[in-house]
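> Spelled out, the chains give:
Number of protein chains: 2
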Amino acid sequence: MLVRFQPHNREIQVAKGENLLRAAMEAGVYIQASCGGEGVCGKCRVLVEKGETDGPRGPKISEEEFGRGTRQACQTRILSNLEVLVPIESTLDKRVIARTRERVSAGRKVSHQELESLVLGWCFNPALRKHYVGMEPPTIKDNRSDLSRLLLAIKKTHGHEGISVDSRLLKKLPFILREAGWKVTATLVQTRMESQLGEYQLRGSRRVKLVNLEPGDTAQEHYSIVLDVGTTSVWGQLLDLNNRKTLAEASDYNSQIHFGDDVISRIVYSQKPGGLKKLQESAIGTINGIIRELAAKSGTDLSRVSHMTAAGNTVMTHLLLGLDPKYIRESPYTPVANFIPPVRAANLGLEVGEHVHLYTFPSVASYVGGDIVSGILGSGIYQRKPLTLYIDIGTNGEIVIGNADWMVTAACSAGPAFEGGGIKHGMRATTGAIEDFRIDSNSFEPMLLTIGMVKPKGICGSGLINMVAEFFEAGVISPNGKFDIDLPTRRIRPGSDGMEYVLAYGEDTATGADIVITEVDIDNLIRAKAAMYAGYATLLQSVGLAIGNLEQVVIAGAFGSFIDVERAITIGLLPELPPDRFLFIGNGSLLGARLISFCNEMLDDGERISRMMTNVELSESPGFMDNYIAALFLPHTNGAEFPGVSQRLKQ
Amino acid sequence: MLVRFQPHNREIQVAKGENLLRAAMEAGVYIQASCGGEGVCGKCRVLVEKGETDGPRGPKISEEEFGRGTRQACQTRILSNLEVLVPIESTLDKRVIARTRERVSAGRKVSHQELESLVLGWCFNPALRKHYVGMEPPTIKDNRSDLSRLLLAIKKTHGHEGISVDSRLLKKLPFILREAGWKVTATLVQTRMESQLGEYQLRGSRRVKLVNLEPGDTAQEHYSIVLDVGTTSVWGQLLDLNNRKTLAEASDYNSQIHFGDDVISRIVYSQKPGGLKKLQESAIGTINGIIRELAAKSGTDLSRVSHMTAAGNTVMTHLLLGLDPKYIRESPYTPVANFIPPVRAANLGLEVGEHVHLYTFPSVASYVGGDIVSGILGSGIYQRKPLTLYIDIGTNGEIVIGNADWMVTAACSAGPAFEGGGIKHGMRATTGAIEDFRIDSNSFEPMLLTIGMVKPKGICGSGLINMVAEFFEAGVISPNGKFDIDLPTRRIRPGSDGMEYVLAYGEDTATGADIVITEVDIDNLIRAKAAMYAGYATLLQSVGLAIGNLEQVVIAGAFGSFIDVERAITIGLLPELPPDRFLFIGNGSLLGARLISFCNEMLDDGERISRMMTNVELSESPGFMDNYIAALFLPHTNGAEFPGVSQRLKQ
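First to last, the sequence lines map onto chains A and B.
Quick note: the first sequence uses the numbering used here, first residue 1, plus one each step.
Quick note: the second sequence uses the numbering used here, first residue 1, plus one each step.
The reader is advised that the hints may include incorrect statements.
No copy is singled out in the list; a pair is fine if it fits within one copy or between any two copies.
To be verified - With a straight-line cut-off of 27 Å between C-alpha atoms, the simulated DSS-like cross-links for lysine-lysine are: (1) 326 with 171; (2) 272 with 172; (3) 277 with 171; (4) 326 with 277; (5) 172 with 278.
The set of hints was computed from the structure by calculation and includes no laboratory data.
In isolation and in its complexed conformation, chain A is listed as follows:
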């Protein structure tokens, strides 16, 4: 069967009966598939313009739409040659994920250099060093082994002793030495014993290992790659290990999103035959793309990359390394391991030299991963006295409370609302997403701003927060999120999901259909923010503290960077504290990974942090449900928690 996808104009030959979503994936055609192919999210709608298919209609498609050829790709089997149109709402847009936000918001944003100085005791001392070494050729009077000759020369010129050697190097050793006229560049790594590998021990002497040998003098070309492997997107930076520079940055969607939007649907997919391998290959493919982009942008040779560091949540780390995440999803939620020894990057399929090892940040628990450990490391919270709330807002919101003496952490499943999921016209923060919103308090007419300033396509998470805050302050919705149906505006109207507000009529939108926000959407956001609030409130209670005790709030994560603090406080997502207590650190994973690449000593800190953290399972905490229910109002059932917001509303 030949299937042609439009507007891509891509063709693929498949067997009769093949799943249409799978065919699209294989053809390289991107279609959103939020639910891992379970048919419940309804995001993967396509229009079959020609040809025959079968499969159920599913609850997300009306009979009328079905009659016109609309299908959920994941539910559809191919029975003949097809012509398929992929509507723009169903596609992803890579271009804009790397946008930077210029708008000034409340809270401090700091520069890269400033960020690196958040952590104390940081010094420039990479674990990997390159050394140029020249030797005298062997003679009959001095015919020691090639390895002995090399190690003796390294000892003489650079003082390193007791060097061990990667056995893979031995095969090429005699040829490199001779072809290079006994002038070579050695890459040495200072590794630790137990601390890097063990699950319990912290200390451990360092040893020096010879991991690579290059002909001639290449000591000046010495790079490292750091990665933030997120559920939705992957970011990478190329670092110069000789002079502490970030040479390039690149990012892309994690192509695992074809197999599901969130970690749970990824785990579900990983349990299908071949699923784990596909997920691993997807992540590796994405990273390889980033690596190539980093090389192209900086004009460097990838064979000169000496090391890689990755931070990701526990599930992403498992999938990247090919560890089965099955038991992360099943109660009592156990990961395979929190500390994972460095692995050879090339063995995973990463396109770097075979000597390159990938270090992954240690995790704390199934839903508190290396990304959080990395962010805590980068923000220096574990070194300072002020009581800090560290918060990474997202589908899987992660929360840390503590300081240099102790830290507690929890993950709370906020649902996908912050990333546009579960929202009727929700979408990721890409071109066409409504990200800012004002409402005229007389006419109740909207002012919209979209990313890329184009016709609106949908609503992204930060836009949703802004909308709900505006609606609430303008009295369009009540504290329980219901529209005031008595307002004099035709934009509030009954819809298929209850009452809705029309943000843009079809003639103004990219899709040609009305874009609305529904009471169900608002309810989803309220549930999401309530989960986050209940998370940190419960964590605070678990250590006998209250919100007023917080001296600092650190907001991490790509999504966090785009939040308007004031409006997030208005809806009760962030605690009501003076604006100068909020600090945005952006991508905390990359920050920590960069620090560790540049500074060998920080590795111990990463592991110390993960051991310091006490994980709290919120679902097991007696207060959590009460806190959650109390937070299911705007801003909160108890106005005293948000005195400023309550005050403003009264005015």
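Using the hints, position chain B against chain A.
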């Protein structure tokens, strides 16, 4: 083209023009090929009974033989279907290499248990331990990672802390734990840091690493395999690591002999395209056969093998690990490395679990290998005061002189005479080889004893020593190895290689042809023994000592075990010393490998020994040529070196 080999009745289909020796190898038909296919040894003769071939006649085949269809297989290309007869002289016989010698000879032979007690400070303490561990399943109150749970349980039950883990184990960890109901057996290894891996450092703390996990309680099944990888044959033993027992022994020819008899021809072959890989695969194939035989003999499951240790000369070690031996052959004779980190056995193609590491004994120099280090370790010479000569007689004779304070070592190329090479009717010590010999001093008629007591096929090395000693004592040959042609016997006659003595006429032999020993053969043996003698004499001189200073002579090696000390003294191969100073230790490589497998601490000793040894390049020693020339007589030019022999001859 179809080629059928007789008497094996094996067929193989090959392309026209294929080399006949290669076809035989591929058909699994063993043909001797001493010279690596260079056409110079003439051992690979076959009779082409039907069909067409081409290729040169070569100097080893007469025109008449060539006319009858005799060919050197290595020089012959296949042009049509063939019927080929492989004569018995050209085949190898595996059955008898494992024979044990019952005959009492001069010098002490000691039992296994006695042998293991030669070394001081030996204790039963294997590097690898298996521990049964039971755990409580995870609960929501205790949902630490699977790895943490396991390591904590090991810590509680067995006291090990700071355990690192093989990252390959992680993939299967969650499944093994659950399928086994949280009852598993862990294999832990105590490894050292620098000392095992580094080229320079000796000390280094040990660390514990988890390398394997099996469901249930398998702690009682815990084995190790030790190997002596010799140029000619490979020996293996299966050890029980729980109770210090040797459960089985097996041996086979190193199938690398298809590619050449000695290390030099192997190196030559390794430089052909694909040659190194083939040599490695051959050795691995031989070892796999031995492994299977060990398992079958002992009824053990190979998946329970935890570790492997191999000792071999430097070239064998290089080939086994796939390291290119090219520069070992070229002046100034440098090996790639003397200390090689343990490698994963499965990566080499060995049929054991993927967690099994192969430790190879460190070498000293290009021609003084791990087999010698292993033998020195096993014999305890490095721990004791008596001045000892350690001698491993063979094609590459290896000599060590020293004691607990110092050791010097040298390799001397004796040539293949001791293994039947370069001898007109020479053969290995297998069925049909004449191994013992007496001559009637009146009739000069011979008494022959062959291995397996069958019709003679040829002469093995120990037989040759016995013959030449008998001839010499009976006055059949003069001190320069020439036959007394005036003796009243028709057995001494002119032959194609000068004068010869007929050991057996055609009617009495397995081949139907006369078996003779020629003056050229005797000359080859004299050159070989002169090289060995000059080797230890020169080594002694290099440290200002003489033969009379030797307090002990340790004879190692399979060949050494079959030497009659008295007769070896008669021809001047061994020094004339009282018989009780000679000690036979048999296979020194296996002895040392066994000790190390059973006793972790001995690993350090192996490396200490290899560092203690000073290698002397005999070819660079000024006295060597003089010593060699002086030794080209029976027993020696200077009768005072062998007063007893001289005395006896006078009588």
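> Each of the hints needs a verdict: does it hold here or not?
Quick rundown of the hints versus the structure:
1. Taking the closest pair of Cα atoms, residue 326 and residue 171 come within 27 Å of each other only across two copies (11 Å); inside a single copy the shortest separation is 39 Å, beyond that limit.
2. Within a single copy, residue 272 and residue 172 get their C-alpha atoms only as close as 41 Å, which misses the 27 Å cut-off; across copies the closest is 17 Å, which meets it.
3. Taking identical chains as interchangeable, the C-alpha atoms of residue 277 and residue 171 lie at most 27 Å apart only when they sit on different chains, with a minimum of 12 Å there against 31 Å within one chain.
4. For the identical chains of this complex, residue 326 and residue 277 are intra-copy neighbours only, at 13 Å inside a copy versus 41 Å across copies, given an alpha-carbon limit of 27 Å.
5. Taking the shortest Cα distances, residue 172 and residue 278 sit within 27 Å of each other only across copies (18 Å), while inside one copy they are farther apart (33 Å).
Of the numbered hints stated above, none is contradicted by the structure.
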